[in-house]
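*Asks:* Spelled out from the first residue to the last, the chains are:
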Amino acid sequence: MSATRRIPWMKYASASSFYPLANRLAPLFMGLAIVLAVVGLYMGFFVAPVDYQQGNSYRIMFLHVPAAWMSMFIYLLLAMYAIISLVWRVKMADIMAYSLAPTGAMFTFVALVTGALWGRPTWGTYWVWDARLTSELLLLFLYLGYMGLYSAIPDRQRASRAASFLAIVGVVNVPIIYFSVVWWNTLHQGASITFSGGTSMTSVMFTSLLLMTFACWAYTIAVVLRRAQAVILERKKVALWASQISKK
Amino acid sequence: MSIGEFLDMGGHGFYIWSSYGIALILVLIETFLVGRRRSKAKKELEQMEAEFGRADNQGMNG
Amino acid sequence: MKPRSKRFVLIGTIIVAFGLAVMLVLNAFQENLVFFHTPTEVKERTVAYDRQIRIGGLVEKGTFKREEETTTVTFNVTDGDSSILVSYTGILPDLFREGQGIVAEGKLLTSGVFVASHVFAKHDETYMPPEAAEALKRVEEKAEAENSVQNLMKSVEKGE
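So the sequences go chain by chain: H, C and G. With the first sequence counted from 1, adding 20 to any position gets you our numbering. With the second sequence counted from 1, adding 117 to any position gets you our numbering. With the third sequence counted from 1, adding 10 to any position gets you our numbering.
Calculated from the structure, these hints are not laboratory results. No experiment lies behind these values; they were computed from the predicted model shown. The C-beta atom is built at its ideal place from N, Cα and C for all residues, glycine as well. Please note: incorrect hints may appear among the correct ones.
Said to hold, decoys possible - Using 16 Å as the maximum straight-line C-alpha spacing, the simulated EDC-like pairs for lysine to aspartate or glutamate come out as follows:
1) G:K117 to G:E167
2) G:K71 to G:E108
3) H:K267 to C:E163
4) H:K111 to H:E254
5) C:K159 to H:E254
6) C:K157 to H:E254
7) H:K257 to C:E122
8) H:K257 to C:E147
9) G:K53 to G:E108
10) C:K160 to H:D175
11) G:K53 to G:D89
12) H:K257 to C:E163
13) G:K71 to G:D60
14) G:K117 to G:D60
15) G:K75 to G:E51
16) H:K267 to C:E168
17) H:K111 to H:D175
18) G:K71 to G:E51
19) H:K257 to C:E166
As the list claims (entries may be wrong) - Computed list of chain G residues with no C-beta within reach of chain H, every gap over 12 Å:
20) F46
21) R61
22) T81
23) T88
24) K152
Whenever a hint applies, use it, and build me the whole structure from the sequences.
*Replies:* So this is what it looks like as structure tokens:
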């Protein structure tokens with residue numbers, strides 16, 4: 021039988037082993053998120069010094085930068101799950117992709133709003149149509165497009181395929197957001213923290229930023245696990261309904 | 118440093134506190150909505166199972 | 011080929027093809043994706059006059075002037091090679107100061123003066139406390155002073 025020949029990791033891709041695992045992990049990560057955010061905000065507001073140019077307004081960074089990073093990370097993760105769902109037809113991958121989207125959209129929205137509120141005192145404007153800001157706005161529309169497409173098509177399998185396809189095609193936008201400040205002249209400044217290991221930031225500012233980033237990660241894990249549980253229950257409900265209908 | 122001075126943030130208080138305020142509200146709303154969606158689905162599934170009999174449902178408690 | 015490998019190849023091909031298409035489009039619209047032009051670009055390419063454009067660069071030190079009894083200010087925007095005189099009436103952003111990077115939106119008059127309708131401050135990616143910035147400035151000034159002393163010594167040695 022094929023079930024006995026399954027590789028062990030496939031066990032964790034099934035809903036029935038995911039559910040109790042999520043039950044244990046979600047509260048853990050929510051607690052972690054709260055602790056990290058409290059420590060990170062304390063350091064960001066009481067330990068980190070004022071900036072030599074911007075004074076206090078740079079403290080929006082401790083929220084803006086993690087939110088912007090999360091908006092891109094979550095999209096990459098969503099696209100990865102969408103590929104797994106399309107190619108290997110793993111149901112749990114589709115549930116994960118679907119559950120990631122609203123949280124990703126929320127972080128994108130937070131990044132845009134906090135960016136506007138930071139831009140007003142520093143640049144002198146809430147919004148400009150430069151490459152960084154425009155591509156981040158496009159990311160919000162991609163998230164909304166994925167969610168909209170998913171709910172607009174009544175047949176779930178077809179909805180999942182169409183939405184996954186959109187998510188995968190849209191992944192091209194992520195490197196554009198990240199590198200826009202390098203490729204083109206933008207009003208948005210370049211990256212303060214780069215993969216090559218340099219930071220142009222005082223270490224306590226950097227520590228606060230990292231703590232807030234981990235807090236956002238922990239929050240994302242907790243809330244996405246919970247949403248995935250809800251989706252599993254909803255789909256189980258539909259399946260049970262269908263089986264009752266067919267019995268009659 | 119007084120509380121008033123802290124809240125003023127050198128004249129940038131409005132921008133900083135509305136940023137953090139909006140984010141906090143969104144996070145609370147999302148947490149609430151997800152929790153509600155999950156408990157609603159759980160309740161409805163349990164009702165259906167009570168009516169139709171249990172389907173394969175190992176490990177789904179909690 | 012198994013159906014799942016077929017799907018994998020298909021999706022891979024679509025991503026690569028779409029990525030290439032986007033790259034080509036972005037390349038073609040390079041001009042419009044640029045948020046501002048540098049003074050050198052403006053001068054070299056003899057940009058259309060009286061058209062809304064944006065120029066970016068540093069506010070040249072010692073060129074900032076405020077016209078009396080008005081909110082009109084003038085200053086030079088430079089990229090190191092060439093500079094453009096900018097005239098602006100209105101409120102400047104907090105970060106505006108000499109030596110600061112800015113972007114000005116407006117029109118280039120045939121007289122060569124750039125009349126700005128908006129001025130944005132561009133801040134850089136370094137964040138540090140004022141004391142650190144102060145210390146950094148002192149180190150730079152010290153190095154500059156040492157340099158000029160050395161130059162003086164050299165010219166004395168040469169008997170100038």
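*Asks:* Are the hints correct? Go through all of them and say.
*Replies:* Do the hints match the structure? See the list:
no. : hint             : in the structure
1   : G:K117 to G:E167 : 53 Å, violated
2   : G:K71 to G:E108  : 5 Å, holds
3   : H:K267 to C:E163 : 19 Å, violated
4   : H:K111 to H:E254 : 14 Å, holds
5   : C:K159 to H:E254 : 8 Å, holds
6   : C:K157 to H:E254 : 9 Å, holds
7   : H:K257 to C:E122 : 55 Å, violated
8   : H:K257 to C:E147 : 23 Å, violated
9   : G:K53 to G:E108  : 22 Å, violated
10  : C:K160 to H:D175 : 24 Å, violated
11  : G:K53 to G:D89   : 12 Å, holds
12  : H:K257 to C:E163 : 9 Å, holds
13  : G:K71 to G:D60   : 27 Å, violated
14  : G:K117 to G:D60  : 5 Å, holds
15  : G:K75 to G:E51   : 25 Å, violated
16  : H:K267 to C:E168 : 14 Å, holds
17  : H:K111 to H:D175 : 15 Å, holds
18  : G:K71 to G:E51   : 21 Å, violated
19  : H:K257 to C:E166 : 9 Å, holds
20  : F46              : 5 Å, violated
21  : R61              : 17 Å, holds
22  : T81              : 14 Å, holds
23  : T88              : 15 Å, holds
24  : K152             : 18 Å, holds
Hint check: violations occur at hints 1, 3, 7, 8, 9, 10, 13, 15, 18, 20; the rest are consistent with the structure.
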